[in-house]
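Chains as they are written, first to last, in full-length UniProt numbering: chain C, 1 to 244; chain R, 1 to 244.
Note that these hints are calculated values from the structure, not bench results.
Misleading hints may appear alongside valid ones.
The list makes no distinction among identical chains, and a pair is therefore deemed to hold if it is satisfied within one copy or across any two copies.
Claimed, not checked - Straight-line C-alpha distance at most 16 Å; calculated EDC-like pairs for lysine to aspartate or glutamate:
no. : residue 1 : residue 2
1   : K96       : E138
2   : K96       : E186
3   : K30       : E214
4   : K96       : E145
5   : K30       : E44
6   : K96       : D188
7   : K30       : E66
8   : K96       : E242
Everything numeric in this text was worked out from a predicted model, so none of it was measured.
2 protein chains.
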Amino acid sequence: MNELRRPDARPLYVQVEAILNERIVSGEWKSGQAIPAEPELAAELGVSAGTLRRALARLEQRHLIERRQGRGTYVSQQTSQQALGLFFRVRNFAGKPVRPESFITGVTTGPATPEEAARLRLSPGEAVHRIDRRRHLEGEPRIAERIALPAALFPGLSLPLAPKQLGAEIYVHYRNAHGIIVVSAEEDLSAASATEEEAALLGCPVGAPLLLIERVTFDAAGRPVELRVSRLDTRAHRYAVEIV
Amino acid sequence: MNELRRPDARPLYVQVEAILNERIVSGEWKSGQAIPAEPELAAELGVSAGTLRRALARLEQRHLIERRQGRGTYVSQQTSQQALGLFFRVRNFAGKPVRPESFITGVTTGPATPEEAARLRLSPGEAVHRIDRRRHLEGEPRIAERIALPAALFPGLSLPLAPKQLGAEIYVHYRNAHGIIVVSAEEDLSAASATEEEAALLGCPVGAPLLLIERVTFDAAGRPVELRVSRLDTRAHRYAVEIV
DNA sequence: CAGTGGTCTAGACCACTTT
DNA sequence: AAGTGGTCTAGACCACTGA
């Protein structure tokens, strides 16, 4: 049933983590659903409660599950609010997190550029969907961004077009429509000058300094699922980073 | 001897972590020194090995100690290399971490500005030391920065003046000369245009976009110990962020 | 109240490092 | 061989949740 081997190279709790991770990735355990209680799971997998708990703690740290004393263990819902809290690090000058409003300005599909292929680990020329968005912070246009998605992962890309869904995080849409659970990201940050087009979009002078964010997002299976290039007007906002 | 109470609000392993943290902060256990083995420590503190291990794991995660099977547990040395690996997130376009060369251009002491007082949790007008530096990446001047330190924490600020020490991380100097162990930082990032002065220093056009990094650093006791404002020329480098 | 996760303990065994 | 940290187990007890 399980391929658990004691004298494996990896510790038992890592093997258990991988098994449970796979159950979530495969959709056997769906988002928001309760998973079996500790004693039951431990018995099924043939490990002690302590080992199982250690695996569950690692899944919780990766935000794949949520545990609450007395309630149970649930596969993360990745609601809009949670996704924003984890992945949207913009604050205003008072230090308060802000919620963006998003407006899609264009959707296209075409062969990946060399840059996109490299970052998304695609073969040269594989198809990608591209979404262009404008995002408002506290009522003002502050972010211009382009999102590139491997077409193979998002067959027949269905976009949320209702105004209500436009405000929601797109990661929630990935999960609902394509079963992709986003868990981590790598970003490269730099400074750039606003082009004419960006200046018009953001209402800033041509050549104004913008914070350029190039993000590659990964799902629970470790696949790169999104390349996002954002330009943030920092006249009224900051990007927050914590180092531990 | 210890004030460990079982029905405390905090779990035992958190209380143990705090006790061990205090021994490091107070200098009872010095940087690089081995601490007692698990059985000895557990007996001394009157807790089980499991509880002690959990506390040690948390200290290790905060980079305050290092553990190696067969060798023992050591208070972190915070060598130059380790400090850079944790706190210096600049990469070149190949994605490789780069080591900065640092040149101090000025040192002054004076009353804190309102901004400095707020970020460093000082009373208005308390004294701060200020260090201005220019930093080179791969041979070129790329960073202009000012570091503000609470004078109360750095009595008679002794600066490393030998050329060799100039290259080392200043956090290593904090530890060696003032016993301050740096463990975490919060940063606000934005984009700014180069002033005439910065342009001259960095060899870029006036108005060129720079990545502006405002960092507050905290020590093992949770005190803010440094406000650092850096301006990074991103023509040849990126600032790397990981989100988990 | 029953059932859940969270804490704490005690002890066995293993893998690694040093002498 | 002796001593270290790393893994795994089994079980007791507590704190929280919901019916």
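Hints versus structure:
1. Taking identical chains as interchangeable, the C-alpha atoms of K96 and E138 lie at most 16 Å apart only when both belong to the same chain, with a minimum of 11 Å there against 37 Å between chains.
2. In this homomeric assembly, K96 and E186 come within 16 Å of each other (Cα to Cα) only across copies, at 14 Å, whereas the closest approach inside a single copy is 23 Å.
3. Taking identical chains as interchangeable, the C-alpha atoms of K30 and E214 are never at most 16 Å apart, the minima being 30 Å within one chain and 41 Å between chains.
4. For a Cα distance limit of 16 Å, the shortest separation of K96 from E145 qualifies neither inside one copy, at 22 Å, nor across copies, at 26 Å.
5. Within a single copy, K30 and E44 get their C-alpha atoms no closer than 19 Å, and across copies no closer than 47 Å, so neither meets the 16 Å cut-off.
6. When the C-alpha separation of K96 and D188 is checked against a cutoff of 16 Å, the pair qualifies only between copies, where the shortest distance is 12 Å, while the shortest distance within a copy is 23 Å.
7. In the homo-oligomer, the alpha carbons of K30 and E66 lie at most 16 Å apart inside one protomer (13 Å), although the nearest pairing across protomers, at 39 Å, exceeds that limit.
8. Proximity of K96 and E242 under a CA criterion of 16 Å is satisfied intra-copy only: 15 Å inside one chain copy versus 21 Å between copies.
When each numbered hint is compared with the structure, violations occur for hints 3, 4 and 5.
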